[in-house]
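*Asks:* These are the residues of each chain, in order.
Protein chains: 4
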Amino acid sequence: MNNAYSIADLRSRAQRRLPRVVFDYIDGAADQEITATQNVRAFAEIALLPHMLRPTPDCDTGVEIFSDRLAMPVLVTPTGFTGIVWPRGEAAVARAASAAGSVMVVSAASSLSMEEIAQSSPGPKWFQQFIYKDRGVTLDLAARAEAAGYKALVVTVDVPAPGKRFRDLRNGFTVPPSLTISSGLDMMRRFGWLRQMASQPRISFPNFEGYGSSGLLDIGEWLNGLIDPTVQWRDLEWLRQHWSGPLVIKGIMHPDDARLAIEVGVDAVMVSNHGGRQLDTEPATVEVLPRIVEAVDDRVPVIVDGGIRRGSDVLKCLALGARCCLIGRPYLWGLGAGGEAGVTRVFDILKDELARALAHGGWNSINQVSRRDIALRQAFPWPAGFDSEATSQGKQQGGAA
Amino acid sequence: MNNAYSIADLRSRAQRRLPRVVFDYIDGAADQEITATQNVRAFAEIALLPHMLRPTPDCDTGVEIFSDRLAMPVLVTPTGFTGIVWPRGEAAVARAASAAGSVMVVSAASSLSMEEIAQSSPGPKWFQQFIYKDRGVTLDLAARAEAAGYKALVVTVDVPAPGKRFRDLRNGFTVPPSLTISSGLDMMRRFGWLRQMASQPRISFPNFEGYGSSGLLDIGEWLNGLIDPTVQWRDLEWLRQHWSGPLVIKGIMHPDDARLAIEVGVDAVMVSNHGGRQLDTEPATVEVLPRIVEAVDDRVPVIVDGGIRRGSDVLKCLALGARCCLIGRPYLWGLGAGGEAGVTRVFDILKDELARALAHGGWNSINQVSRRDIALRQAFPWPAGFDSEATSQGKQQGGAA
Amino acid sequence: MNNAYSIADLRSRAQRRLPRVVFDYIDGAADQEITATQNVRAFAEIALLPHMLRPTPDCDTGVEIFSDRLAMPVLVTPTGFTGIVWPRGEAAVARAASAAGSVMVVSAASSLSMEEIAQSSPGPKWFQQFIYKDRGVTLDLAARAEAAGYKALVVTVDVPAPGKRFRDLRNGFTVPPSLTISSGLDMMRRFGWLRQMASQPRISFPNFEGYGSSGLLDIGEWLNGLIDPTVQWRDLEWLRQHWSGPLVIKGIMHPDDARLAIEVGVDAVMVSNHGGRQLDTEPATVEVLPRIVEAVDDRVPVIVDGGIRRGSDVLKCLALGARCCLIGRPYLWGLGAGGEAGVTRVFDILKDELARALAHGGWNSINQVSRRDIALRQAFPWPAGFDSEATSQGKQQGGAA
Amino acid sequence: MNNAYSIADLRSRAQRRLPRVVFDYIDGAADQEITATQNVRAFAEIALLPHMLRPTPDCDTGVEIFSDRLAMPVLVTPTGFTGIVWPRGEAAVARAASAAGSVMVVSAASSLSMEEIAQSSPGPKWFQQFIYKDRGVTLDLAARAEAAGYKALVVTVDVPAPGKRFRDLRNGFTVPPSLTISSGLDMMRRFGWLRQMASQPRISFPNFEGYGSSGLLDIGEWLNGLIDPTVQWRDLEWLRQHWSGPLVIKGIMHPDDARLAIEVGVDAVMVSNHGGRQLDTEPATVEVLPRIVEAVDDRVPVIVDGGIRRGSDVLKCLALGARCCLIGRPYLWGLGAGGEAGVTRVFDILKDELARALAHGGWNSINQVSRRDIALRQAFPWPAGFDSEATSQGKQQGGAA
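Residue numbers (this note's numbering), protein chains in the order written: chain A, 1 to 401; chain B, 1 to 401; chain C, 1 to 401; chain D, 1 to 401.
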């Protein structure tokens with residue numbers, strides 16, 4: 001792993017090691033993948049304005065969230081089906097994240113039970129789930145999460161309908177699976193991955209054991225079907241009443257929704273477009289981030305995922321007002337490239353890059369970085385009259401061109 | 001057809017199945033094809049701003065126009081020479097459109113008579129024609145259309161001169177045809193298409209039977225010659241007096257023309273640049289759409305064609321103020337790929353994509369989508385002083401940069 | 001020639017027929033060729049706003065300049081060394097231009113004498129020269145031009161130093177020539193061109209006969225040396241006093257210079273950056289055109305060359321305020337592709353495209369086209385405070401973004 | 001060398017002649033090399049506005065700095081490890097720079113002693129160093145530089161941490177070196193370079209002799225370790241008190257830092273992002289140059305390096321307010337292509353291009369070029385409210401869009 005120098009290097013390795021059908025599942029996105037591409041490209045359009053001769057000998061990359069002190073402001077965003085990338089992948093990710101002083105947000109759709117993952121994760125951990133049609137399942141999962149030591153509950157709200165992902169459709173990575181000859185042959189050529197997969201029990205979703213069907217094919221479809229597509233704000237309010245710990249809403253892309261979420265009583269707003277895997281041509285997350293920060297107005301932390309590939313990207317999220325950010329594809333690439341060692345490498349790379357960026361710019365801690373330290377080459381063009389209610393000062397900051 | 005997942009997939013199939021000379025005829029455009037390309041690209045520069053936790057269980061994609069309720073706001077724009085793509089192609093399109101709850105706008109230059117197409121189209125249908133030099137022919141066609149059950153009459157006004165299409169010129173798809181050796185050999189290799197074409201009578205334009213020459217080559221040239229290039233607003237006024245049903249003007253790209261059309265008494269304005277097949281470097285239709293909507297000011301519905309390839313594109317047209325939109329190349333690609341089944345697939349794909357986009361964005365019906373739900377990355381730069389007469393509010397919305 | 005459908009087609013043919021060293025001489029430009037590329041690309045960023053139902057049955061592409069009525073607003077810009085493209089090339093161009101109702105601007109550095117070219121050019125013609133170190137030569141040429149029937153004198157002012165053209169340097173097209181092995185072998189393969197060149201006397205510059213050295217190599221170098229690099233406005237004033245006919249200044253890129261030229265008494269201002277062959281990263285000519293039109297303020301006609309490749313480009317020049325425009329590379333490509341027939345084809349293509357564009361946009365004559373008929377996607381960013389003296393109305397038109 | 005016509009040509013030659021590991025070391029930059037690329041591209045977005053008929057017979061490219069008259073406003077920026085490109089490379093550069101009337105800024109990390117380089121440099125010369133952890137070393141070097149005749153001391157302040165350069169990491173150009181098989185084999189194929197290197201003593205850093213370890217591998221690492229990463233403004237103040245000659249601060253990218261530097265008493269501000277080799281996605285140097293010029297407000301000269309590849313680039317730096325500029329990669333490419341002759345060629349090319357650009361634009365001296373002579377296609381978007389303290393006039397100049 002030591003000669004993987006960037007997240008891009010780890011992506012290349014994962015691509016060589018994983019069957020196309022698996023790699024495309026983690027790498028791909030919805031429709032033309034315009035949003036997924038924009039998530040990444042938007043960072044290149046943000047310029048950093050460094051200061052010299054401001055030494056940063058004790059440069060602090062640490063951040064506090066929900067009374068926990070993290071070693072770096074980079075968390076692990078929840079992803080399902082992770083066991084397909086590496087056997088017992090979630091445990092590997094949990095160990096690497098804990099060791100790095102990060103937080104893993106564990107998906108309910110993990111291939112290991114949340115209790116088992118919790119054992120691999122001595123540090124703080126969060127649990128991510130949906131509001132399911134069956135409200136009993138919904139509360140059961142939350143209760144188990146609390147019992148297993150998960151501090152925060154992350155509720156994903158951006159899957160009222162599944163996304164349309166052409167790579168998966170073409171590869172036959174569907175529910176039920178329908179591998180093409182081409183993707184089947186491709187799978188046969190990935191010996192390392194095949195050997196690993198052959199030696200483990202078939203993939204299942206143990207968090208949902210007892211709630212329904214068994215069998216790989218059925219349970220996948222059944223899992224999708226569990227999610228309640230009619231969830232609304234009052235359902236989040238209901239969940240709020242049943243979860244006393246920190247509650248995070250994941251999938252906010254609109255300042256108005258951020259305001260509503262705070263009224264409901266969430267403890268953090270997570271800006272996310274699901275990695276561009278849902279509605280294509282949504283904005284990049286960093287494009288909407290400044291407006292959401294403005295709307296939230298310091299009442300709760302704002303966190304963000306989408307397109308983060310470098311230490312400087314992390315810095316830019318913070319400069320735009322995020323408390324911390326989360327990575328998705330990067331850790332899956334690391335996992336696919338080399339299991340726990342690969343995920344550890346991801347954290348090492350990002351932490352090193354972040355520390356260098358802070359040192360080069362003369363910021364002694366991530367809290368020092370502000371909107372004045374970056375310039376947006378392409379400000380996102382919100383509709384005219386959009387923020388008529390916002391303060392004039394806010395308008396100026398959001399509307400720089 | 002089931003493993004064609006997008007309109008782009010259907011285009012690829014049509015390209016494999018059709019002779020180059022036919023594919024290029026439907027796929028190509030005028031000059032450098034800058035306008036045709038821009039029609040499509042302009043949609044990628046429009047970002048959708050989704051709302052979460054607004055369930056859309058009874059999401060309504062239906063729209064009403066001319067008192068007819070359509071299942072989706074996507075109509076079939078008129079195209080000539082369709083019989084060259086699939087034998088009796090217009091009937092196939094009519095059946096698929098009716099089944100999808102759409103409306104086919106039947107071209108006068110169809111290779112089947114309008115009466116025969118009407119029989120394949122139980123739902124609402126419109127008829128498209130020009131104002132011909134021979135005003136008698138003009139009224140005869142309209143009268144026959146009314147008798148055959150066509151509800152609306154669409155008058156195309158953007159062909160004062162034919163467009164210059166390099167692909168057709170290079171392939172020898174001209175009047176008269178002058179196939180090159182290369183395009184002739186290419187045609188010989190498309191067995192499926194050849195067999196179909198061999199088994200049908202030669203292509204003709206039965207709507208014009210009795211008005212002139214017979215013979216494939218002559219009638220094509222003669223058909224072009226029928227169109228009156230000196231038509232002006234008073235001629236449209238004259239036609240208005242002879243057609244009591246809904247009258248649609250097709251080919252409007254200028255707000256001033258939209259205003260004139262309404263003065264003449266049209267019942268709908270169709271924004272179109274003829275798919276970029278006439279004057280190259282015209283704007284994309286969605287670029288001018290907001291200004292035309294502004295000029296029309298809710299007096300009649302505005303409809304639009306050009307570059308629509310995805311469900312989200314449909315949504316963007318509606319957000320910009322269109323009542324509904326029309327597709328051209330997409331259904332011809334579907335037809336070329338698999339006849340009626342291919343056209344049905346086009347409607348299925350667009351309807352599914354549209355429903356997903358509505359669900360992802362939290363819009364319970366297409367009527368809910370408005371200008372505040374989209375952001376224009378590249379607003380079209382109208383000339384300075386262009387809309388000095390427009391309201392200040394209008395200017396702001398049109399001029400966001 | 002009939003299956004060359006666009007200027008680009010003629011360029012391809014010229015490229016196949018001419019030795020690389022000759023093709024690159026006419027096709028290439030200075031340095032990175034940024035300005036030459038921008039000259040062309042700028043037109044694609046200008047959108048045409050068409051009007052419908054405005055018939056143009058007697059569409060008039062004619063224009064009047066210096067009391068001559070031209071059939072089309074496209075003139076032939078002067079180029080030297082034309083004899084290297086086609087034997088007696090200037091005569092071929094003169095015949096084609098006259099037949100097309102255009103005007104050829106004959107370069108003093110022609111390989112035929114101005115008198116001989118005049119005989120091939122029954123229509124109006126202009127003569128282009130420099131102010132030479134030897135003021136006697138300067139006046140002699142002008143006097144001969146007047147005697148030979150040239151109506152206007154075009155004085156080029158943008159060659160205070162030769163441009164640096166990498167293609168010529170690499171090909172060895174230098175003074176003296178230093179062909180590389182590669183370009184020599186390439187030349188040997190162009191049989192058609194070789195046979196033509198072998199059958200004609202060596203290339204010379206008969207307009208300068210008697211003034212100096214003979215011999216191809218010497219005279220080229222000597223010719224460059226004739227030009228006075230220290231010419232200033234007072235020298236133009238001096239020439240103005242010795243030439244009673246229309247005087248055109250060629251090479252203006254700055255509004256301030258346009259004002260100075262009018263003070264000196266020129267009869268037309270020609271906006272030109274020498275086809276991007278002098279100072280690279282100058283603006284495109286159509287980018288500066290609106291400001292120069294503004295500065296000239298209708299006192300004399302503004303004409304323009306640079307990047308015109310399509311009929312719609314011509315229209316855009318006129319919409320921006322030019323009286324007419326000139327083509328350079330296009331006619332040289334036509335000449336290289338097929339001699340006089342090729343040049344005739346260039347005029348036919350442009351005239352047909354121009355007429356179609358006028359018809360499609362509903363402009364009954366080129367005089368009808370105005371600034372309100374186009375939208376500039378990328379307005380040229382003049383320095384702040386540049387036009388503080390301009391009227392507010394002017395500023396608005398020039399500064400649309 | 002005479003048929004290398006541009007800096008790009010010299011780069012190609014260096015690439016052919018040097019081992020990949022060496023070429024990449026001088027050519028590469030940090031991370032995705034976005035800043036390095038932008039340094040170059042930013043110049044293409046600056047357009048030159050030429051004036052005609054302003055003769056420049058005695059065009060003056062000379063500039064005065066620190067009471068020295070230079071023949072051209074292009075200096076040699078300091079680079080370390082130069083001996084790896086050409087044996088005794090610094091001496092070759094010094095001779096070429098002196099002959100060209102330029103100034104070489106000699107790096108402390110040279111492979112020849114500063115005294116030896118001084119002997120090759122009869123003209124004015126400057127010395128570049130860091131503030132080292134050992135303040136004694138720091139002052140010793142400065143004292144030796146003064147004794148050896150170096151006029152100005154350049155202190156680099158933008159290396160609080162080393163940059164992360166993927167090309168070097170992949171090639172194994174690290175401390176200690178870890179050549180890959182691929183880059184080792186590549187090195188074996190560069191015979192010319194190998195022969196040269198074999199015939200010279202191993203590369204060392206004689207300026208630091210006596211201060212530490214010997215041995216190539218150790219000394220490199222040791223050298224990096226010498227630099228004090230905790231340097232702050234008061235350390236610069238301290239150095240200011242110990243150096244009575246002109247003091248230049250190198251690595252300023254922020255107007256605020258420029259103001260601080262002047263308060264400390266520097267005699268010139270050098271805008272530099274270390275060629276994009278430190279913090280990627282910093283702005284290009286010419287993007288921040290106008291703001292820094294504004295902040296400095298004529299109190300000291302502003303000089304700039306980064307991306308200069310053409311004579312017109314030099315002109316643009318001056319138009320933006322720089323007194324002169326420096327080249328880095330260009331002279332290393334020249335050196336790699338042909339030693340001293342290659343560096344001389346670099347100066348010849350730039351001087352010729354600069355003189356032509358001045359002549360073409362009608363500027364009789366470089367002092368005549370101002371902000372009104374250029375247009376910025378893409379102005380750099382500083383954060384809103386950034387320059388609230390700046391004068392309104394200043395804001396207008398900096399904010400042109």
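Treat the hints with care, as some may be off.
As the list claims (entries may be wrong) - Lysine-lysine pairs mimicking BS3-like chemistry, simulated, CA-CA at most 27 Å apart:
no.	chain 1	residue 1	chain 2	residue 2
1	C	133	C	151
2	B	133	C	351
3	B	151	B	351
4	C	351	C	151
5	A	351	A	151
6	A	351	D	133
7	B	133	B	151
8	D	151	D	351
9	A	133	B	351
10	A	151	A	133
11	C	133	D	151
12	D	151	D	133
Worth flagging that the hints you see were computed from the coordinates, not collected in a lab.
*Asks:* Against each hint, give a clear statement of whether it holds in the structure.
*Replies:* The hints, checked one at a time:
For the suggested pair residue 133 of chain C and residue 151 of chain C, the alpha carbons sit about 24 Å apart, so the restraint of at most 27 Å is met. Of the pairs offered as hints, the one joining residue 133 of chain B and residue 351 of chain C holds, with about 25 Å between alpha carbons and a cut-off of 27 Å not exceeded. Among the hinted pairs, residue 151 of chain B with residue 351 of chain B is consistent with the structure: their alpha-carbon atoms are about 24 Å apart, no more than 27 Å. Using a Cα cut-off of 27 Å, the hinted pair residue 351 of chain C and residue 151 of chain C holds, with the two alpha carbons roughly 24 Å apart.
Simply put, residue 351 of chain A and residue 151 of chain A have alpha-carbon atoms about 24 Å apart, close enough for the 27 Å limit, and the pair holds. A distance of roughly 25 Å separates the Cα atoms of residue 351 of chain A and residue 133 of chain D; the hinted pair therefore holds under the 27 Å criterion. For a cut-off of 27 Å, the pair hint linking residue 133 of chain B to residue 151 of chain B stands: about 24 Å separates their Cα positions. In summary, the hint linking residue 151 of chain D to residue 351 of chain D is supported, as the alpha carbons are separated by about 24 Å, within the 27 Å threshold.
The suggested pairing of residue 133 of chain A with residue 351 of chain B holds, with an alpha-carbon distance near 25 Å, which does not exceed 27 Å. Proposed proximity of residue 151 of chain A and residue 133 of chain A is supported: the alpha carbons are some 24 Å apart, at most 27 Å. Among the hinted pairs, residue 133 of chain C with residue 151 of chain D is inconsistent with the structure: their alpha-carbon atoms are about 45 Å apart, more than 27 Å. Under the criterion of a C-alpha separation no larger than 27 Å, the hint pairing residue 151 of chain D with residue 133 of chain D is consistent with the structure, at around 24 Å.
Comparing the model with each earlier hint shows a violation of hint 11 alone; every other hint is respected.
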